[in-house]
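Peer 1: Single-letter residue listing:
Number of protein chains: 2
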Amino acid sequence: MTALRDKFAEYITDLQDKIVSALEELDPNAPRFLRDQWERELGGYGISCVFSVPYSATPATTILEKAGVNISVIHGTLPPAAIKQMRVEHASIPYDPDSTTALPFFAAGISLVIHPRNPHAPTVHANYRYFEIVDAVAGPAPGPSNVIAWWFGGGSDLTPSYLYEEDAVHFHSTIKAACDPHGAALHPAFKKWCDEYFFIPHRKEARGLGGLFFDDLCSDPHKRMPDAQAADKTTRPWTPEDIFAFVRSAGDAFIPSYIPIITRRMHLPSTEEERRWQLLRRGRYVEFNLVYDRGTKFGLMTPGARIESILMSLPETARWEYMSEVGTEAESREGQLLEVLKNPKQWV
Amino acid sequence: MTALRDKFAEYITDLQDKIVSALEELDPNAPRFLRDQWERELGGYGISCVFSVPYSATPATTILEKAGVNISVIHGTLPPAAIKQMRVEHASIPYDPDSTTALPFFAAGISLVIHPRNPHAPTVHANYRYFEIVDAVAGPAPGPSNVIAWWFGGGSDLTPSYLYEEDAVHFHSTIKAACDPHGAALHPAFKKWCDEYFFIPHRKEARGLGGLFFDDLCSDPHKRMPDAQAADKTTRPWTPEDIFAFVRSAGDAFIPSYIPIITRRMHLPSTEEERRWQLLRRGRYVEFNLVYDRGTKFGLMTPGARIESILMSLPETARWEYMSEVGTEAESREGQLLEVLKNPKQWV
Numbered sequence: 001m002t003a004l005r006d007k008f009a010e011y012i013t014d015l016q017d018k019i020v021s022a023l024e025e026l027d028p029n030a031p032r033f034l035r036d037q038w039e040r041e042l043g044g045y046g047i048s049c050v051f052s053v054p055y056s057a058t059p060a061t062t063i064l065e066k067a068g069v070n071i072s073v074i075h076g077t078l079p080p081a082a083i084k085q086m087r088v089e090h091a092s093i094p095y096d097p098d099s100t101t102a103l104p105f106f107a108a109g110i111s112l113v114i115h116p117r118n119p120h121a122p123t124v125h126a127n128y129r130y131f132e133i134v135d136a137v138a139g140p141a142p143g144p145s146n147v148i149a150w151w152f153g154g155g156s157d158l159t160p161s162y163l164y165e166e167d168a169v170h171f172h173s174t175i176k177a178a179c180d181p182h183g184a185a186l187h188p189a190f191k192k193w194c195d196e197y198f199f200i201p202h203r204k205e206a207r208g209l210g211g212l213f214f215d216d217l218c219s220d221p222h223k224r225m226p227d228a229q230a231a232d233k234t235t236r237p238w239t240p241e242d243i244f245a246f247v248r249s250a251g252d253a254f255i256p257s258y259i260p261i262i263t264r265r266m267h268l269p270s271t272e273e274e275r276r277w278q279l280l281r282r283g284r285y286v287e288f289n290l291v292y293d294r295g296t297k298f299g300l301m302t303p304g305a306r307i308e309s310i311l312m313s314l315p316e317t318a319r320w321e322y323m324s325e326v327g328t329e330a331e332s333r334e335g336q337l338l339e340v341l342k343n344p345k346q347w348v
Numbered sequence: 001m002t003a004l005r006d007k008f009a010e011y012i013t014d015l016q017d018k019i020v021s022a023l024e025e026l027d028p029n030a031p032r033f034l035r036d037q038w039e040r041e042l043g044g045y046g047i048s049c050v051f052s053v054p055y056s057a058t059p060a061t062t063i064l065e066k067a068g069v070n071i072s073v074i075h076g077t078l079p080p081a082a083i084k085q086m087r088v089e090h091a092s093i094p095y096d097p098d099s100t101t102a103l104p105f106f107a108a109g110i111s112l113v114i115h116p117r118n119p120h121a122p123t124v125h126a127n128y129r130y131f132e133i134v135d136a137v138a139g140p141a142p143g144p145s146n147v148i149a150w151w152f153g154g155g156s157d158l159t160p161s162y163l164y165e166e167d168a169v170h171f172h173s174t175i176k177a178a179c180d181p182h183g184a185a186l187h188p189a190f191k192k193w194c195d196e197y198f199f200i201p202h203r204k205e206a207r208g209l210g211g212l213f214f215d216d217l218c219s220d221p222h223k224r225m226p227d228a229q230a231a232d233k234t235t236r237p238w239t240p241e242d243i244f245a246f247v248r249s250a251g252d253a254f255i256p257s258y259i260p261i262i263t264r265r266m267h268l269p270s271t272e273e274e275r276r277w278q279l280l281r282r283g284r285y286v287e288f289n290l291v292y293d294r295g296t297k298f299g300l301m302t303p304g305a306r307i308e309s310i311l312m313s314l315p316e317t318a319r320w321e322y323m324s325e326v327g328t329e330a331e332s333r334e335g336q337l338l339e340v341l342k343n344p345k346q347w348v
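Line by line, the protein sequences are chains W and E.
So in our numbering, the last one in the first sequence is 348, and the numbering has no gaps at all.
So in our numbering, the last one in the second sequence is 348, and the numbering has no gaps at all.
Possibly wrong hints are sitting among the right ones.
[Stated by the list, open to error] With a straight-line Cα cutoff of 20 Å, these simulated SDA-like cross-link-like pairs (lysine to any residue) come out:
1) W:K204 with E:K297
2) W:K342 with E:F199
3) E:K297 with W:E205
4) E:K342 with W:A91
5) W:K204 with E:L300
6) E:K297 with W:R284
7) E:K297 with W:G295
8) W:K297 with E:E308
9) E:K204 with W:T296
10) W:K297 with E:F199
11) W:K342 with E:E308
12) E:K297 with W:F199
13) E:K204 with W:P303
14) W:K204 with E:L4
15) W:K297 with E:H202
16) W:K204 with E:I307
17) W:K297 with E:K204
To be clear, the hints were calculated from the coordinates, so they are not data collected in a lab.
Same shape as in the complex, but just chain W:
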């Protein structure tokens, strides 16, 4: 029987291929994605697929401006301090807080950020990941038979510079349709979590229009779905196989959730003022990722982490203005976006 870790690694490898192909098909004349495979010194590997165009003072005409679709499949040893830190969020890890034992871990994930060039085409992000902690004393080689803790996490969210309600509805309903067959409690809980997570407190606004966000999904009760656990046990998946099926469904929804949106926006005419606003919004994206994003912060603090892969999410260009007047008129197209960023909506 193939271990879940191997099935998950195979799944994200295949998904990465499909997503990169779908993006390349959008713009057949553009340069291909750079495919960059790397080894991790402490164990494991990754494949970064990256799109960019050479620098030029005159703007390029490709559909994408900067994009990265990464997978990583790594393993290693968690020092006691890291395990204790993890137990704050994952209380079920069977580990004596006084222990000084390091434990083997396995982590695999796909992570992508796509920044299109047209100000009317939204930025999108998605990430799906699987984590395992293994019992160190059960044998020299970590394997599926001695997993003592595991969980899935992930999500996807849309960040436009200009609001198109039909895009928001399409994105959210595609994701909801992917979630609902796996339990009615999933989408409401993880849509709300997404709104809360992708929030920039110092700007008092969301990063974008939200989507899905979850972490720590395993066979234990989940703090974000208390009702689902108390009553009907069919409103969320509980087994590794059922949770993996949910994660696959969400991952498979990425292409249908996004490609139709970028397709209908990527050739719209745009003005210099719209480009300016897009660059200002890119600045907010940088603020969120560098100041608040847990994955980014964790990565930056991790000795030996691959910085280029972590910061792949940053846009090619971002802009900051002091007291910018763009967006301050509520009736403007820019003001309309800010309104929904300050007051997240139920799109479906």
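Based on these hints, arrange chain E on the given structure of chain W.
Peer 2: Chain E only, in chain W's frame:
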């Protein structure tokens, strides 16, 4: 007798005027700085002087790209949690850790960041500040007679995209000359602190070429100058008046430390590739300020803080590339800069 807080507020108001005038004189045809006075709801005021030019897809031709010279003079009440946090760094604050008493505070400072447009002209930052905590029970109106803790902080550092050794030597020697008359221990201690502070761990490089950085300078022994305290008491200033004289001397050195440098670089011819490298370096500046800078982080976390003033330090435009090849050749001009960022030098 005028209280130190009032003398300091007067000093930074005058210094702000002088610096803005000096920058405006560099480029008489450019728009003037915007002078923006604001009131703080919880007590005090600030004046932000900001330079920018309207957005355009074709690059502007002004000497400066974005600049801000701020002062703020604020007062209010420190809740017990904030005082306890401050005592970590300022052990001398006479405050019972079990107390639930809030204490009045006063804080004033000047803070500036200048991003010139020419890739050969360096970015510069300076900041000088004074902080007071007042005994709450001594009277209803906080005043100089009941100050229970006070300290000065500040510094200045230079961040070029291209290394000109004579600029580095000029900047550091001007600052050193401003420090030395106030005590031989100051410059060595605070130059070193600057190199340590303006460091980007995830890039393993300094933000720039350093300069001066200090905090917590008061009548108590200072952890960064142990020798100066143990032996000759004249190697650093000890009284409020003598420390203020040192801070004035450092503040007054800003114009002579920087204006000659920008003057000789601002009209140099530059290429698109040099502009690209400058924008990549601006990206590193953003990374440092958002991820590590203590003042920025503290500001972003403070409810009611004026975000526009805090983020004034960010460049107009910044750029990120995945695995950029610029700077990877040690013999290139870009590689030469990286070499000194990875191995900070004694310039004087």
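Peer 1: What are the numbers of the hints that this structure violates, sorted from low to high?
Peer 2: 2, 4, 8 and 14
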